[in-house]
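Can you make the complete structure from the sequences, with help from the hints?
Each residue of the sequence shown is one higher than the one before, starting from 1 at the first, in UniProt numbering.
Some hints could be false.
Calculated cross-link-like contacts (lysine to aspartate or glutamate; reagent style EDC-like; alpha-carbon spacing at most 16 Å) [claimed, not checked]:
1) Lys4 with Asp39
2) Lys4 with Glu76
3) Lys3 with Asp44
4) Lys4 with Asp22
5) Lys4 with Asp27
6) Lys64 with Asp44
7) Lys3 with Glu62
8) Lys4 with Asp44
9) Lys64 with Asp15
10) Lys64 with Asp22
Honestly, the hints are just simulated from the structure, not real lab data.
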Amino acid sequence: MTKKDTFRVVARGSDGSLQIRDYVSLDPLTDFHEQVGVDDCSTDLALRGMPIFRGLIGPMPEGKNIVRYETPEVFEMLTKEWGITKPKKRRRRASDKKPVEASSESGELVS
Numbered sequence: 001m002t003k004k005d006t007f008r009v010v011a012r013g014s015d016g017s018l019q020i021r022d023y024v025s026l027d028p029l030t031d032f033h034e035q036v037g038v039d040d041c042s043t044d045l046a047l048r049g050m051p052i053f054r055g056l057i058g059p060m061p062e063g064k065n066i067v068r069y070e071t072p073e074v075f076e077m078l079t080k081e082w083g084i085t086k087p088k089k090r091r092r093r094a095s096d097k098k099p100v101e102a103s104s105e106s107g108e109l110v111s
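In structure tokens:
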């Protein structure tokens, strides 16, 4: 389990752009945001015990050592964008194997 040592806050600027601020400790976040709990159910074990702040969505993993928090507006915007993007369609390759041949009622293979 890697240690999460960067805390990222993503907010929306007045011009609509994303503003990203990275912190090396939780102290600045606890100064600006009220802690309302701790994460106790994340599938990323390194996030368990991380604080949950009023007015921020998170914690969520970003890379190996970054804990990400987002404002609700950013979270909603990025979630909508993610939902709109269509996955690339995959083409299946023709298999090198011969197709299975049907058998007759007597159990013999039909060619």
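Comparing the hints with the structure gives:
Distance restraint check for Lys4 and Asp39: the Cα-Cα separation of roughly 14 Å lies within the 16 Å cut-off, and the hinted pair is therefore satisfied. For the given pair, Lys4 sits about 25 Å from Glu76 by alpha-carbon distance, which is inconsistent with the 16 Å threshold. With a CA separation close to 11 Å, the supplied pair Lys3 and Asp44 stays within the 16 Å bound. Straight-line distance between C-alpha atoms of Lys4 and Asp22 comes to about 12 Å, which keeps the hinted pair within the 16 Å bound.
With a C-alpha separation of about 14 Å, the suggested pair Lys4 and Asp27 falls inside the 16 Å cut-off, and the hint holds. This hinted pair checks out: Lys64 and Asp44 have alpha carbons roughly 10 Å apart, not beyond 16 Å. Note on Lys3 and Glu62: the hinted pairing holds, with a Cα-Cα distance of about 12 Å set against a maximum of 16 Å. Of the pairs offered as hints, the one joining Lys4 and Asp44 holds, with about 11 Å between alpha carbons and a cut-off of 16 Å not exceeded.
Pair hint Lys64 plus Asp15 does not hold up; C-alpha atoms about 30 Å apart against a cutoff of 16 Å. Proposed proximity of Lys64 and Asp22 is supported: the alpha carbons are some 15 Å apart, at most 16 Å.
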